[in-house]
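**Q** In case you want the letters, here they are:
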Amino acid sequence: MAAPIFKVVNVTKVFGKNIVLKNINLEVQAGEILGIIGASGSGKTTLLRTLVGFYKPENGEVLFRIKPVIESKTASFQPVSKMQTVLKHLYGFAPQEHSFYEKLTVKENLEYFASLYNLEKQEIKANIDSLLEFMGLKQFKNMVSEKLSGGMARRLDIACSLVHEPAVLILDEPTADLDPLLRKHILWLVKKINEQGTTIIIASHNLKELETLCHRIAFLHNGRIITVGTPQELKARFSNKKTIRVESHPGRYESLIQELKSKLESSGVKFEVVSVEGTELVIETRQVDACLKQVLKVFESFGETIIDLKIEHPSLDDIFVELTRDLNKKV
Amino acid sequence: MKVYTIFKKNLKVIARSKTSAFAVVFGPLLVVLLISLAFNKPSVYELNVGLTVVNKDSQSAEALNLSTRLKQDLESNSYSVLEFDTSQECVNAIKQGIIHTCIVFPENFSTLQGNRNLDFFVDYSRTNLVWAVIEVVGKNIDLQASQLSMQYASELLNTLQSIKSVAENQSLEIVSLKTKISNVKQKLEQQASKLSSIDLNTVSIDLESVKQDLEDLLSEANSMKSSIISKADSILNNGNASAAHSTAQSIKSVVNDYVEGLESDVNSVKQDIDDASETVNGLNEKLSNAKISVQEVVTELNNVKQSLSNAYNELSSIQTSLEAIIDKVNNLRVKSAETISNPITTTIKTVVSENSQLLFMAPYLVMLLVMFVGLLLSGTIIVMEKQSKAFFRNFTTPTREDVFLFSNYLTSLFLLLLQIIVIIGVGYYFLDGNLLNNWQESLVLILLASSLFILLGMALGYLFPTQEGVTIGSLSLGSLFLLISNLVLPLETISGSMKTIANYNPYVIASELFRKLLFFDIEFQSIAKQLGVLLVYSIIILFLLLIAHKFSLSWYLYRLAYKPSKKKFELNTKQGVITNSEELLNFVNNQSQQEFKKFATEHAYELQVLCKESLKNKKLARAFKKLDKAMVVKVLKASINKRESNDAKKEKEKTRKAKGKEKEG
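Heads up: the protein sequence lines correspond to chains D and R, in order. Reading the first sequence from the start, the letters are residues 1 to 331 in my numbering. Reading the second sequence from the start, the letters are residues 1001 to 1665 in my numbering.
If we strip away everything but chain D, and leave its shape as in the complex, we get (with noise of 0.2 Å):
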């Protein structure tokens, strides 16, 4: 396992009477690509910018490691508040919205923030030349950049925040308001970029990209830090519940509803939602082979003809979903 890059220790963030982050812990590591999943309003923008010490948490602390992550297991931790200047050597930050001048070409747009890492002028001139091919912006690189669509702008973002070679990458919501190509895209060329050794913190309300792209996901919610894991330790964790989805003939799923449900509960089968989706109905039960008896039996009795079954295993985003209503609940 990596050493880790950065250590959020019990951090809590308030604003005015709002507590966005509440006892946040959690450790990036050196390479991974560490995705923070959570609603709009969970704290995820907050938690990066914390994270890099632009906001000072009223509570906790976050550590950074100065030595190169790869090199170095046992360098010491600095609080980022106190090691602005080299913590900003050290990251690349893509915020949400583009954050870039419009009124500079892409080229000029690359080479002033360039200039603002103290990179040398033949450093600068490789970085970008590099830059431009990596993130397929060559031919567009004396294009002013209010011009750029909105997948181009998005590549301007990274290679702004990758121009002067950072360690770790920060995302937030690099994928938002682009089409599902561009997406694709870009979600290609993070992965491109984490396998050039760039770690990666990409924050995102939307899981199912994050699933394939991250080494590891953190589920934030309400300012919390519900889980962290592997997309796969995640899933082994919370995937015991299945989704049964059936389609029938002539589907009079109304009245198969009320009777599947005090079939199912006389039985003693446990099951959470007996819903209609579309032309399926879907029952979502940890007890998926006595259900599906059950649900045999009723659709025979009611001289429904099955067209599909389906038997599903929950997503992250599922379980994500699960989560948060069980904490909801819970409250």
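The hints are simulated quantities; they were obtained by calculation from the structure and are not laboratory data. The reader is advised that the hints may include incorrect statements.
Simulated crosslink set (BS3-like; lysine-lysine; CA at most 25 Å straight-line) [said to hold, decoys possible]:
1. Lys138(D) - Lys1008(R)
2. Lys1291(R) - Lys1270(R)
3. Lys1018(R) - Lys125(D)
4. Lys17(D) - Lys1626(R)
5. Lys1618(R) - Lys1634(R)
6. Lys107(D) - Lys1018(R)
7. Lys7(D) - Lys1598(R)
Source: prediction; values computed, not measured.
Starting from the known structure of chain D, fit chain R onto it as the hints suggest.
**A** Frame of chain D, contents of chain R only:
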């Protein structure tokens, strides 16, 4: 390097942002250009003047002539003159803004007799124009009045001159008259003397003695006769008597005859003497009368002489007066009508060599440019940067904030200096005036003033969140500086305290310094104090800028993350949601000491927010901080009791008021 990078970027962004470039670079230049053109007119003001001659047909030729002359004079000075039939029409035209002032010649206008008052209507609500109108039109009316005054003075002087010449002639005549009087007096004196010397005393001829003598003569003749007769008798008696007798007889007869004749003669003489005496008496009476008359004539002559003396004296006095008048007329200090009508003539001589109004305005205009461009440009650059999408990314770079500040300052300074160079270059070309006098000192001043206003604009840029805010703020501040400066109102006309404030107005200091530097040869030492004041201002504003910058960044980050919510904070626990003191007390009471401590530690910030924001109870927040359950319970109970008591009081008050209303009803 970083400064140059940011500087270059700023210029590119401004240049490529058309509206900003126009607003920032060309806007102020345009404003100054317009102001320059406005101030560079041959006549300071272009005014429309209304002229009304009431009842024109019945006006005197003088009034018509005067109104025509006034109109011509105004028109020759490029003011347009509109004529109105009535004063009301004229005044209405002012109200409608068609004209700026109205001059009304009243009915029976005459400078000599009748109404000689011209009505001069102005609109005082147009404070910026009214004085100019009064000055301009008043000057023309004064000119007419001055011409009339000269005419009258001339007439007056001519009259005086004619009086003088008359007096001189009269004086000469008086002299001759006096001589004549003297002669008359002399003659009178002589005549009086002559008259006085006439002896008109009564003649007292002693005719009685003559008569007595005649009586005596007669008596003697009688005695002689008696003797002769006696002797003749004796002769007769004595012999020869006959001859003797005859002789004696003849003698006697002759003597008798003689005596008789003598007696007759004597009687006749006596009669004559009596007549003569009577005549003499008559003569004496006449003489007495003549004497009285002579005396009366002498007296009259003396009176005439006295009168002549008096007349002489009076003439002398008149002569003296006339001489005095002549002397006074001669000694009149003012002998020209122009001097009387304009006792003081002024020749405006400039202490500077040039006479273009625009040149004199140049220091104020250049500083106006420095002020407005400094404020607007720097503020706009800051807001553009703040509103730029890249503002956030700049935070993520290892660049100190002072580098950004300095770069923005440099950008503003560069653009401002560029504009000043353009303005001074244009001014140098068009004004034929040396705008580069004392150029080293001027450069120091311009740099200092530019820095001051740029720093101020930057501070405004950081304080205001939007471009509109900065523009309004900058314009307001600039206008305030402008309002209490020489450009709008002469400082000398402002009241004391405002004048003091105005003297510390950076725009006033800078523009006055620049004026002195442009038009006079001034040593650096003599302006060092004012430059020092500007420097102190700049340093103070720099501190303000740093504070505003810090405040702005904190606010930016705060706004970036936090959108204020009106909803009261609620504490979520496993047991439920806590929203008020009662629920919190219930929750705490249900916890053991250990559970309480654990909960209070884990939810420290949430509890603080709940206590301070929702329950507004700082004491409770402190109790939670101390992890003291007993104290928390105590404070909570006290708070609840207090609130209940307050509620009860309010309820009571409510009831009392309701009852009161019922009673009133």
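**Q** All hints are to be evaluated individually against the structure, with a verdict given for each.
**A** Structure-based check of each hint:
1. Lys138(D) - Lys1008(R): holds (23 Å)
2. Lys1291(R) - Lys1270(R): violated (29 Å)
3. Lys1018(R) - Lys125(D): Outside the cut-off at roughly 29 Å; violated.
4. Lys17(D) - Lys1626(R): OK: lysine 17(D) and lysine 1626(R) at ~21 Å, within 25 Å.
5. Lys1618(R) - Lys1634(R): holds (14 Å)
6. Lys107(D) - Lys1018(R): Judged against 25 Å, a Cα distance of about 21 Å means the pair holds.
7. Lys7(D) - Lys1598(R): holds (24 Å)
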